[in-house]
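2 protein chains.
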Amino acid sequence: MMNIKDIIKTNKLEKLVLEGTFGIEKEGIRVDDNQKLALTDHPELLGDRSYHPYIQTDFSEAQLELVTPPEQSLKETFKWLNALNDVVQRSVESDEYIWPFSMPACLPETEQIPIIRVRDQKEVEYREKLAEKYGKKKQLISGIHYNFSFSEQFVKSIFEHQREHDSIKEVKNELHLKLTRNFLRYQWILTYLYGAAPFAHHSFFEQAKEEIPLTKPVRSVRNSSMGYHNSTDVIVRYDEVAHYVNDIEQLVAEGTLSEEREFYGAARLRGNAKKIDQLNHTGIEYVEFRLFDLNPYSKLGITNEQARFIHLFSILMIWIEDSKAKEAIKEGTEKNEQTASEDPFAKSAYYQEGMELLQEMQAIASELKVESEYFEVIDQAIAALEDPSQTLAARLTQQIDSVDQYLKVGRKLGTQYKQEAKGKPYLLNGFEGMEMSSQLLLFDALQKGITVEVLDENDQFLKLQYKSHEEYVKNANMTAKDTYISHWIMENKTVTKKILKSKGFNVPDGEEFQSLEEATAAYYKFKNRSVVVKPKSTNYGLGISIFKNSPQEEDFKEALEIAFKEDTAILVEKFATGTEYRFFILDGKVKAVLHRVPANVKGDGRQTVRELIEQKNMDPLRGTNHRAPLEKIKFGNVEALTLKEQGYTFDSVPESGEIVYLRENSNISTGGDSIDYTDKMHSSYKELASRMAVPLGVKVTGIDLIIPDYTKPSTPEDPGYTVIEANFNPAMHMHAFVTEGKGRRLTRDILEMLFPELY
Amino acid sequence: MMNIKDIIKTNKLEKLVLEGTFGIEKEGIRVDDNQKLALTDHPELLGDRSYHPYIQTDFSEAQLELVTPPEQSLKETFKWLNALNDVVQRSVESDEYIWPFSMPACLPETEQIPIIRVRDQKEVEYREKLAEKYGKKKQLISGIHYNFSFSEQFVKSIFEHQREHDSIKEVKNELHLKLTRNFLRYQWILTYLYGAAPFAHHSFFEQAKEEIPLTKPVRSVRNSSMGYHNSTDVIVRYDEVAHYVNDIEQLVAEGTLSEEREFYGAARLRGNAKKIDQLNHTGIEYVEFRLFDLNPYSKLGITNEQARFIHLFSILMIWIEDSKAKEAIKEGTEKNEQTASEDPFAKSAYYQEGMELLQEMQAIASELKVESEYFEVIDQAIAALEDPSQTLAARLTQQIDSVDQYLKVGRKLGTQYKQEAKGKPYLLNGFEGMEMSSQLLLFDALQKGITVEVLDENDQFLKLQYKSHEEYVKNANMTAKDTYISHWIMENKTVTKKILKSKGFNVPDGEEFQSLEEATAAYYKFKNRSVVVKPKSTNYGLGISIFKNSPQEEDFKEALEIAFKEDTAILVEKFATGTEYRFFILDGKVKAVLHRVPANVKGDGRQTVRELIEQKNMDPLRGTNHRAPLEKIKFGNVEALTLKEQGYTFDSVPESGEIVYLRENSNISTGGDSIDYTDKMHSSYKELASRMAVPLGVKVTGIDLIIPDYTKPSTPEDPGYTVIEANFNPAMHMHAFVTEGKGRRLTRDILEMLFPELY
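Quick note, the sequences are listed as chains G and C, same order.
Taking full-length UniProt numbering, the leading residue of the first sequence gets 1, the next gets one more, and so forth.
Taking full-length UniProt numbering, the leading residue of the second sequence gets 1, the next gets one more, and so forth.
Check before you lean on any hint, since a few could be wrong.
Put simply, identical chains are the same to the list, so a pair is met inside one copy or across any two.
[Unchecked claim] Here are the simulated lysine to any residue pairs, SDA-like style, with alpha carbons at most 20 Å apart: (1) K15 / E518; (2) K536 / D459; (3) K169 / P695; (4) K481 / P695; (5) K463 / N729; (6) K463 / K501; (7) K138 / I115; (8) K463 / G135; (9) K481 / D587; (10) K467 / G504; (11) K138 / V236; (12) K418 / E285; (13) K481 / K699; (14) K481 / E491; (15) K498 / N475; (16) K632 / P695.
Just so you know, these hints were derived from the structure itself, not from any lab.
None of these values were measured; they are calculated from a predicted model.
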């Protein structure tokens, strides 16, 4: 047998052994306001379980299962788990929440427990059979599955430095079999540390009505004989892949198991196909460890620290010696059951073995030069082994001393996790580094069950997939539905204007200049008009001068100089008076109209401006540095000056109903308000804006119109608007969460455009 | 009547009166090698006359007509005229050229002169009728038509400051009628100055075989009674638009003219429709002046200076007093014919009137503060009025004293203009400021007869149109045929690689890093491989380090630091060995394959390296600063160093056949050679490259493959290639003009993709 530890050390594979592919599955049941199992359907918002890659149901209609995609680091895995948790928490009915414990809350009579309601009748029948065999209630027990494999590169390196095996596949099998065998042998330590199901609600038990577990708490009801296990005659071998396959196939053939997937061992070998005999051909892809209780103190059911411990534990399992004997595993399983049934405050029966393993783990951590966080979790484990009261089971037992308390704590934690997820609906945990619109789109895609790959997080680059239909999206609305040239048309203000003008739309008259000399010479054209002087391509309001009346020659020249500081070309345009509205166009339809108002507060005759601002800034939609759809109003110089011009200071008390402005510019980024006008805007302008997208050849655009009176229809004689800009990649989050009016979930419209077959 | 001069002065319209819309039409006949009228068809390369907006034929199949689109300045008009001249000169058969004189070269017998060969039978019949009426030969006289109107803004300003007229249309009519009347009154001065048809070849005359004109040269045969005119009873009034329309309609009704367009007055009023009575409704759009002979000393038939003079002359015509009397125009016409028939060296019979007009013109030029070039042309005109030998007619008469000489000079100038246009086939005169690929595309579009609007010259933005089909093109191949997202996919090297890899293509293994720390920590992954370290997104070869063998840790770190100087993210990739080829893909097909070789010379055993370089640099395809498809090899330090490493200096004499390199890098921009491999490349790689475009979702891309042996087929077991990059907006000019092999005119393929209905 290969000495993996020596190969690693001799060939300096210390970094490689830390690499792996990770995945987490998390179950949890929906309960109603009274902590009773929810009898409602799986939330419709969560798409269709027949294809949903991330959010499924298992046995019961009420049992949600979150599945992270395979990732190359635990950090990535937790990003997904966080995001999926947000999606699920925000998708359950308002009077339901997700129960935080592995053992269920109040269960109804067995016959009332709903089996999954899916179209596939075979799936329903399979679960009916299980219900009959194991009892429906046991199947509501929830937990965490941890999926893992060592990296290809590590396996390859081991292969290159050993002599026993002829193929990478064999080495991979050998490595993961060893991992599994030792994992099963020493799994008790994980149950000791992380067992978190000290008792169950009395409604869980089919016969005995007395509250057995509460009077005698254990480390893990779920891992004890009271949990959901195969019958004791289901024993499979882990010495060779062929034996594992053969044993399970045999159990199915003789009828002990109804299907292969009914094998519930604490560890399963997984291939890349559903049928187990594929393992013989393709080898082990990864292993699945199923023994973890939900950690109710984490909204995800498992903490980062736990996962790091399990990762290092897995490395320990291939590092130390091993036994292929069936008995070793049997013994391990018994130790685990024994540990699960121990009093949470009792010292472990296997304390000595545990301490040796943890010390070895420390030694490995040093050799591998892992990050300090890893050492911390080992220290914590050692401390908990010394002092059982630090284990999860003990902590829960201390906190809960009655049925009432059990339900209360469950409710408190469950509703708290839901509230946390709903508090900032514009963020998607795990991906909060991305632009807000990308987070919203990602949320909507995950909710709908569209497969997402984040191709480049910094670049806001996503791949979306439904069956064989692939779409790429950048910055939430840059897609294959738009053409290359329409982007460049909109990037060039002169070209945009020329095109819109040629199609009869009302653009501000104007001219482009390449040099100060040329522009100065053209003064005669503008001297009797109201004009805007602006750089051709910068977009942030820099270098713009407005002359509402005929400009003096000197002022005009100064404005030109200011504009030329920002760009090599400038525009001089007729100034259009009126209010600016942003029309968001998608596929020929106006999906949202927004007006932005400069930062302001409304007086109540009682509070100072400062207090009014502080109050307004309490809105969870207001944040700082573009991390929220609206920005907090600042107490800066510009704000003070703006107040001064109105005869106020921060300490003035405006009259009731009076609007006091803190800014002249209407940007959201300086605390402005956003007001939805989608339904209020006269239809003639919406019609016009949507028609403008046609010559620009664009599906998704934000068109800015200046409209003096939005209630008055546009007519050919009196258009009543000027179009000043068409924007590619228009912001979407600002329409989703508005200060006033109805939010517009444009990211969902983008998905519908990309995947019409799903809507 | 409005006093236009006073209105201009009082209201400071001096700049506005200079504004206008300009257009030039230039006729010219194709002749063969022997100066005989070409009897061949209109060049097929010049598209279809049934829709061609710029290049037409008039009476004869051999008479080419260039028509510039209306432009807002003479500068723009001349850009177009230059470009159209390039197109036509490069499109005529190799044994033909364009005759530079207004009067034709050797004409065959009348019956052999071909009338236009077009499908429209009515057009042919119309010309047959004209042939009968005027004689075919007269219709081969060529000239320049000058189209002009004052700007809308100027007309509007005049309207606002006068009291006689109720509408802008009336003012516009009045202005242009005055211009026309005075123009006709004083046209003689233009014939005096620019008449350039002192004689005609004897074959031009139907009856008299003697060389009348050569024995007695005149200022302009074309403007004399020997030219192509309506019969003397064709007289129309220019006092009112209604009269003008009425008179021409009357002439058609009574049969004096067969169609309205048979009216050949030296000035025509033009509306926006073909039927003349539209003028009554829409008013005058512009006026057309038809009296100008081809200036044989200009390849365009007219110089910039002439056009400037005509422009100022037009302003003079509305500035000075005016007469509505029919007689005034009749007198002007007679003076013109008289002037045309004068001896080129004779003083003008109307010298005094001319001098007064030119002095008034000087005064106006001062008042309008026009650019100095305008003053120069007035000075030249005054000098020529004083000294007839400075007129075009006199200069020609001095140069030509025999029939033989006439044909020789015509041939010399005509072939010279053709050679000039063909010498740098990669440039399009007038648009030489644009990128080379845009110039090529523009050329191809103009040649084919696609309507082109240059929306933004600096931004390489074109609008192309055929009938109602519009397409926008930026940088010659960025179009609506490509999607928005494909651009961003290719801009992101990591995303490109992920996508290509997921579809089974052979990309270099590698990883992206966001920080030096993270990248340094990953050394263990690359220490035993040959790797390239490069910035993620910069494209110019900066910050790239190559380790052909396992990198030392220190060197690796240094390479990382170098790369991070160029970008915030870097890539470390497996280094692929082999030769790099650029595959240009269009619509799923490989249209060109190119390999670039470092700057080099081939020895001849006789010349020094310096001489060999100088010789190679003589190639007209080699230029400097990217203004030619290939760059001249430089005599710089890098070149000297590269020679030194091979044991050479610039003064060494390499052996015959020996290749000496001047550079290590293969960039064209440092003098490299380009070699076409389109036909040589093994088809399996072309097949692969074209398939790569599919997942990228791109129609036009340049894919770079590293291929060790281009003759050996790619197989699944041994792909034989690595794909290193996919480029959006790939260069096209470098494929069109190559050092070795066949050039590929990709711009034509782009047009075919955009307008399949035309090909």
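Each hint tested on the structure:
no.: 1; hint: K15 / E518; verdict: between (64 Å within a copy, 13 Å between copies)
no.: 2; hint: K536 / D459; verdict: between (26 Å within a copy, 12 Å between copies)
no.: 3; hint: K169 / P695; verdict: neither (58 Å within a copy, 30 Å between copies)
no.: 4; hint: K481 / P695; verdict: both (15 Å within a copy, 15 Å between copies)
no.: 5; hint: K463 / N729; verdict: within (17 Å within a copy, 23 Å between copies)
no.: 6; hint: K463 / K501; verdict: between (37 Å within a copy, 14 Å between copies)
no.: 7; hint: K138 / I115; verdict: within (13 Å within a copy, 98 Å between copies)
no.: 8; hint: K463 / G135; verdict: neither (42 Å within a copy, 73 Å between copies)
no.: 9; hint: K481 / D587; verdict: both (9 Å within a copy, 17 Å between copies)
no.: 10; hint: K467 / G504; verdict: between (43 Å within a copy, 18 Å between copies)
no.: 11; hint: K138 / V236; verdict: neither (22 Å within a copy, 107 Å between copies)
no.: 12; hint: K418 / E285; verdict: neither (35 Å within a copy, 72 Å between copies)
no.: 13; hint: K481 / K699; verdict: both (7 Å within a copy, 14 Å between copies)
no.: 14; hint: K481 / E491; verdict: both (18 Å within a copy, 18 Å between copies)
no.: 15; hint: K498 / N475; verdict: between (27 Å within a copy, 18 Å between copies)
no.: 16; hint: K632 / P695; verdict: neither (39 Å within a copy, 44 Å between copies)
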